[in-house]
Amino acid sequence: MVEDADAAKALIVQVIDVQFAAVPGVLEELLRTLPDGGELIQGEDIDPLEIAPHITYIQDASLLVCKIRATFENDQLSPSSSWLPSRSQSLIKKLSVPALMKLAKVDGNLPIILGGTKDSSLLTIDASAIDGTLNIITGKKGCGKSHLSKLLMVSLVGYKATVVIFDLNGEYSSLGMTQDGKRNMYYDKIHALTPSQNFKVGIDQLHLNVVMGILVHALHLPGTSAREFRRIWKGLKDKGTLTIAELGEAIRNYNCNQHVRDALASRFYSLVNSGFFTDNAAEATLLEESLMKAKEAGGAIVINLKNTSNVDRQIVVEYVLGKLVDSLQSWKLKATFLFAEEAHLYLRETYWDDIVTRMRHFGIFTTFITNQPDTIQETIYRQADNIFLFNFTNEHDLDVVSRAARVDAETVRSIARDLPPQYCLTLGRVVRDFPMVTRVRSLDLKTMGETRLFFT
Amino acid sequence: MIEQYTITTTPKYNFPQPAMDTTLPQRFIELSLNSLRQVRTNAFQLNLQQDSTTDTPTQLQLKRQPLPLTPRHQETLIAAVDTSTIKIGETQTGIIIAIRGATVWKQNRHYRYTRLGPFIFHITEENKNAVYNSIEKAYFNVQYSGTHQATPPLFQMPTRLASLLERWLQTMLAKTVNNGVLLFDGSLTSGTIDTPTQRMREILATARRNSNTVLAFSKATSLRTNGYLITDQLPEQETPYLLETTGVRFKPPTVLLGDVYVARLQKANMAFRLDIDKEIPTPNKMEAVEKLLGNDVLQQSYPETLRLAHILCTFTANEVLAMQHFTTRRHGIQIINRPDMHRLLFGPFGKEGYA
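Those protein sequences? They're chains A and B, same order as listed.
By my numbering, the letter at position 408 of the first sequence is numbered 408, and the numbering carries on one by one without gaps.
By my numbering, the letter at position 154 of the second sequence is numbered 154, and the numbering carries on one by one without gaps.
Chain B on its own, in the form it takes in the complex (with noise of 0.2 Å):
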């Protein structure tokens, strides 16, 4: 057997060129450009908090009898996707925003990476449609207005740019390595505002064309059976080990487009859901998962490549503090202050989030 390489190396990526356009997201920067070139004028107020989001409860039901694992070291293409999007200010007319992302793959036992970003962007009710449109149309071509919520709210805008780069992401990971596993940060639910159903599908399936097998990690998840946390429902067998679930079901539009297990890869009382393309049949599933032990590094029963992507992209508040100087020095903006009126009425009793 001929061993082949799934990358190879081209003047911006590490990966083949496809068909998709995989130079730098120019449109991304455009427009970050451009959104803070409107906001010269403006103050803005510094915020660090992030948004997350949480799954969608449900009925369901945890096979107890473990599928046991065992690990295979056929060389194998593992890489990872995340992004991370930060609030880095306020403008009196909207939001100062960064958001980036990391692809990281494993190739001849050393980790290499490749990150995309900070692009920081002014999102303000006037452009927040024409930021996000115009992102979209560049990069994917087609907008799925069925499932696309025509005006979302402002404080929702850092989550769907981020999205709008992790999906492209996982596109270009998708469309580039061949026979290998790629990791997605959360679950393949689609359907909801930031992932529209076709475009998740139309990712798995060009996954599925280069024999790719997606494997989406979800760090926390609501699901429950019998009013527990399906990944506290551990038996007590030798590991590493899936455990199968059935009957998940969620109200359309929101739609799953894998199959739900819990993942105990270590034997550290630590296990994840884990999705994992519907279409691809159990055993490849299976054999999937057994290709990431055999050939990835496991900390706490998750990939390191999918820590490392995470890691990579998630943003320090040294950072943040750059990106703050950045939009001050180069595009003149003063930083003031805004009363936090938590902090002002309630002094250290009033913290943000708290009532």
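Just chain A, same shape as in the assembly (with noise of 0.2 Å):
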């Protein structure tokens, strides 16, 4: 804090960087020893006056590179920086992060605690900065990104949210068990849904919009053949014959084109073969139902799509979010936080864009957890809310982040780059845009989050 008594107002400002002070003279101080030869002179300094201490403390003085963060004046945070404080009269002081955050006023009655800061306080966020927002957790791998995900998770289910993951690694489905195997406070609310194991769906049971969102984005079914599929799913469903035997049968009979058939019978099988399509009613497991559930009390529904094939994936995702639009449409939902790992892996093109816009606005509020955050559009990093950022230290990644509107380059690049692993940059509306660094606290939950390894 940049404290001006006279202007009676104080600049917030953050330290990014520390260098050393460009104090002339430094180099000739070094170079002088260096005779022709290049070796070191021996020699005695007789310093009666005891200077060499000063010099030694100006040659190793810091430079702190700073960012005004905000304006602090009548009690009140401002953003605005278009003063200067005065050089010669300021009086500096270091803020604690306790003290900046009751300024900033980042509490509330939702607490998460992040984890440590640098001064030993805990940096805690409120919920409800989560509630309504597009986040992103991103580092490279290693770092606790998927730590940082599951203390957000299971934060938000502890406050009664509703969550869903796409877990690509299957780390998730545990996490109602502590580290030693024993149930915790989550264990009734963490419902993994593991496709064409215990999470199938009713062919019946499926609306037609669902399917023809598959068939389209998730198995690229042309829209003429799509066109004749809707004709036929009509037909079966008005006579009540709407299984996956006859729906088979009416493909195969069906008098059309043969390349239609054949495309229409080429998706069919990728259906039938993803396993994760019944048309026995005691087989199938209600999204729905799980979602009711974790709407009463909070909860979690984990989808595994680890040991799941690159289409499947994208079956069972086109099937989870048209099936999440559709109760978040109706109102069965309120809201929604979705979690999703390495997105790129599952998600359509198209589907960025609605997210952050039009998914929004019926609830979905998503986390975008990835190492390679190239893979994430540069529209969402506009529109990010909150960017939880761990160590990069490639020059390109750490360009990518630096475009999110929250936050200016320097301050990304300088911090990011020297953040230990398990320490996060945090930036955005939860910490009121003073970006924070964190060591993410430890949570005694069964992970399953660490790499396999062959030789341990």
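No lab work stands behind these hints, which were simulated from the structure alone.
Beta carbons: idealized from backbone N, C-alpha and C, even for Gly.
Hints should not be assumed to be uniformly reliable.
What the hints assert, rightly or not - Computed Cβ-Cβ distance ranges for the label pairs, DEER-style:
{"id": "1", "chain 1": "A", "residue 1": "120", "chain 2": "B", "residue 2": "125", "range": "54 to 62 Å"}
{"id": "2", "chain 1": "A", "residue 1": "61", "chain 2": "B", "residue 2": "278", "range": "49 to 57 Å"}
{"id": "3", "chain 1": "B", "residue 1": "74", "chain 2": "A", "residue 2": "418", "range": "56 to 64 Å"}
{"id": "4", "chain 1": "B", "residue 1": "227", "chain 2": "A", "residue 2": "17", "range": "53 to 61 Å"}
{"id": "5", "chain 1": "A", "residue 1": "87", "chain 2": "B", "residue 2": "178", "range": "53 to 61 Å"}
{"id": "6", "chain 1": "B", "residue 1": "74", "chain 2": "A", "residue 2": "17", "range": "51 to 59 Å"}
{"id": "7", "chain 1": "B", "residue 1": "125", "chain 2": "A", "residue 2": "50", "range": "27 to 35 Å"}
{"id": "8", "chain 1": "B", "residue 1": "268", "chain 2": "A", "residue 2": "30", "range": "24 to 32 Å"}
{"id": "9", "chain 1": "B", "residue 1": "126", "chain 2": "A", "residue 2": "30", "range": "46 to 54 Å"}
{"id": "10", "chain 1": "A", "residue 1": "27", "chain 2": "B", "residue 2": "67", "range": "54 to 62 Å"}
{"id": "11", "chain 1": "B", "residue 1": "71", "chain 2": "A", "residue 2": "27", "range": "52 to 60 Å"}
Unchecked claim - Here are some chain B residues pointing at chain A (derived, C-beta under 10 Å):
{"id": "12", "residue": "32"}
{"id": "13", "residue": "73"}
{"id": "14", "residue": "98"}
Assembly of the complex is requested from the two constituent chains, each provided in isolation within its own frame, with the hints serving as guidance.
Now the structure itself:
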């Protein structure tokens, strides 16, 4: 805090980098002890006034590169930085994180403790700051992204929120257990659904729009064939004979162009082979049921996409998203927090914009988790409300992240590259645009996120 | 022949204990601290100008026939002295200056140094004579009242005090080194305000008694023959060589205690004015320069030992900042910037020192 008593206000500045001060003469100092041979000259310095420590002090002087974050005036913070405090008269004070958080009013009724800050205080954000927002968790692998997403997820569940997770590596299924295998407080709230195992969909329960979404977007069915499929589906539905076998039979016997029939048949077999669809009503798990359970007491529906092929994964995701939109549109659900790990592996191109614009209005609030920031579109970064940034050393990755609207590139570049593992730079609404570095706290959860190794 | 070390170890210096006091210049420290205490309540202005002196022009002849030199590799101690002074600020009543001296010698193919200082003084009109005279009295026991101006202007005090330290260091070298070559910065001109003839004579005599030869290198000279600087009239002859001069006369009381040569010690088209103790026979003078060539590294015709002495005592901007920090922290002197009238009146055109 740079406090100008005369102006009766203060600037809140953040140290984003520490450099050696460009003190004139330092190079000469270092060079002069080397004669032409390059060998160090031995000698004695008789320094009766003890100036040498002062020289060392000047030589090692540090320059703190700061960014102006806000102005503090009349007990209020404002984002204004259109004034400068007196260079000679201002008082520079270190503002502790709790004090800053108090000033910035980063508190609320739904606290989520992210972890500890450098000054040994806790960084607590408010769950409502994640509500209705688009979030990105990114960093290079092994830094703790999944750990943070689990922390956010269980915290939201703790506040009775509905959370849907696309779990690419099967890490979230055991979150209801502690590390030593005992049940924890989330045990009844974690609904792990593994496609084609405990997550199957009765074909007669499928809404045509959802099926069409799967066929067109996941299985790339051309428009003409899609029209024919619609006719077949409607015919069977009207007759009340919509089963997998009947659908296959109808496609085989359908009087149409051979190419169209072949296209329909190949998609049909893809659906059948996914094992995700069933005629057995007892076997079918209703996603809607899990969502309703979660709606009542809060819960997480973990869609385990581990061991699922690329096509099947897309089918499942299309289904889940379609179903979510349906539920939200019909107000069966109020809102859902969606956690999507490495979304580029299963999310079709057009969904990106959908998620940040249309689906957000329906109440799907997405958190993307990725170690490849360039797989997320630039528009997503521009509209991201919160970014949880872990270490990146690659310039290209830092460039991508620095495109986010709520952060300046310099802050990202200078802080992110020096972050140790498990340290996270939090940017955006949750910290009232005061970038904060925190060591993400540990969780007593069975995370199963560790990489399997050969030698250990 | 038994190899004889000309330098033995003492607790303070790597020199033998001479008759003269070679302990730390305690008087320098005392006066430095006393003078700073007086300024405790005053503010001072930053100013980084350094004074320079020039040679007095004279009429002389330069012999066109070079004296060729052959490097002598017979192990000889080469030692050099230099001092530096800088004004680090101004107070309402005077100036704050810093002085530092360095001696460098080459021994067993390694350079070694002793650096004295920095000594920081607050010099005012009131204390300038007291400071100067008490140091002079403490280190040279006598005052050369005949040539000593009673009240030197304040702006000359930095160079006067630095000269005093330089002469003291030169005396120390002359007393403690045997069979060596002593390199001084500047000329062997004496009888000037800061170099009393008697003192310089004594330094040279002491050096001779210990079989040393004093070579004084001037980085710049104003001596001219036929309108050209003597260092610009270099015959295309194989280097290294010396060019002898004759007829160098100064107006009294200035006295030249050395013979003036132009030394071109390397192929590079660079030469320096070189003064060699007059009392030394010419062959010994040549021998001393040849020993220098055989024992020291030369860069652009300039001895490395002397270059290092100069470099080691010169103040860098960083050190000036450190000394300002010292005076502020230790002595509570508040630094203020007195407006630079040139800058104030003429803006970017107001460079100090330009009319």
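Check the structure against each numbered hint from earlier and tell me which ones fail, lowest number first.
9, 10, 11, 13
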